[in-house]
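**Student:** Sequence:
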Amino acid sequence: MWRLLTLDACVSSLTVALRVLVLNISVSQLAATNLRLLGGKK
1 MWRLLTLDAC
11 VSSLTVALRV
21 LVLNISVSQL
31 AATNLRLLGG
41 KK
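By this note's numbering, the letter at position 7 of the sequence shown is numbered 7, and the numbering carries on one by one without gaps.
One or more of the hints may lead you astray.
Claimed, not checked - Quick list of the computed label-pair ranges, beta carbon to beta carbon: (1) 24 / 2: 30 to 36 Å; (2) 39 / 19: 29 to 35 Å; (3) 22 / 2: 26 to 32 Å; (4) 35 / 15: 29 to 35 Å; (5) 39 / 3: 49 to 55 Å; (6) 30 / 8: 30 to 36 Å; (7) 40 / 8: 43 to 49 Å; (8) 41 / 2: 43 to 49 Å; (9) 3 / 40: 31 to 37 Å; (10) 41 / 3: 54 to 60 Å; (11) 9 / 38: 40 to 46 Å; (12) 34 / 13: 47 to 53 Å; (13) 31 / 11: 27 to 33 Å; (14) 4 / 24: 41 to 47 Å.
To be clear, the hints were calculated from the coordinates, so they are not data collected in a lab.
All of these numbers come straight from a predicted model, not from anything done at the bench.
For every residue, glycine included, the Cβ atom is placed at its ideal position computed from N, Cα and C.
With the hints as extra help, turn the sequences into a complete structure.
**Tutor:** Right, here's the structure in full:
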C-alpha cells in the first residue's frame, strides 16, 4: 500500500518537473525569437 503511494507521488512529481522543464524551454525559445525579431526590426 505505502509503496504504491510513494510510487504515485514520485511519478506525479516527475510529471510536474517535466511540465515545468517544457514550459521553461518553450518560454526561453519564445524570448529568443522575440529578441531576434526585435533585433531584426532595429
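**Student:** Are the hints correct? Go through all of them and say.
**Tutor:** How the hints compare with the structure:
no.: 1; hint: 24 / 2: 30 to 36 Å; in the structure: holds (33 Å)
no.: 2; hint: 39 / 19: 29 to 35 Å; in the structure: holds (30 Å)
no.: 3; hint: 22 / 2: 26 to 32 Å; in the structure: holds (30 Å)
no.: 4; hint: 35 / 15: 29 to 35 Å; in the structure: holds (30 Å)
no.: 5; hint: 39 / 3: 49 to 55 Å; in the structure: holds (53 Å)
no.: 6; hint: 30 / 8: 30 to 36 Å; in the structure: holds (33 Å)
no.: 7; hint: 40 / 8: 43 to 49 Å; in the structure: holds (48 Å)
no.: 8; hint: 41 / 2: 43 to 49 Å; in the structure: violated (58 Å)
no.: 9; hint: 3 / 40: 31 to 37 Å; in the structure: violated (55 Å)
no.: 10; hint: 41 / 3: 54 to 60 Å; in the structure: holds (57 Å)
no.: 11; hint: 9 / 38: 40 to 46 Å; in the structure: holds (43 Å)
no.: 12; hint: 34 / 13: 47 to 53 Å; in the structure: violated (31 Å)
no.: 13; hint: 31 / 11: 27 to 33 Å; in the structure: holds (30 Å)
no.: 14; hint: 4 / 24: 41 to 47 Å; in the structure: violated (30 Å)
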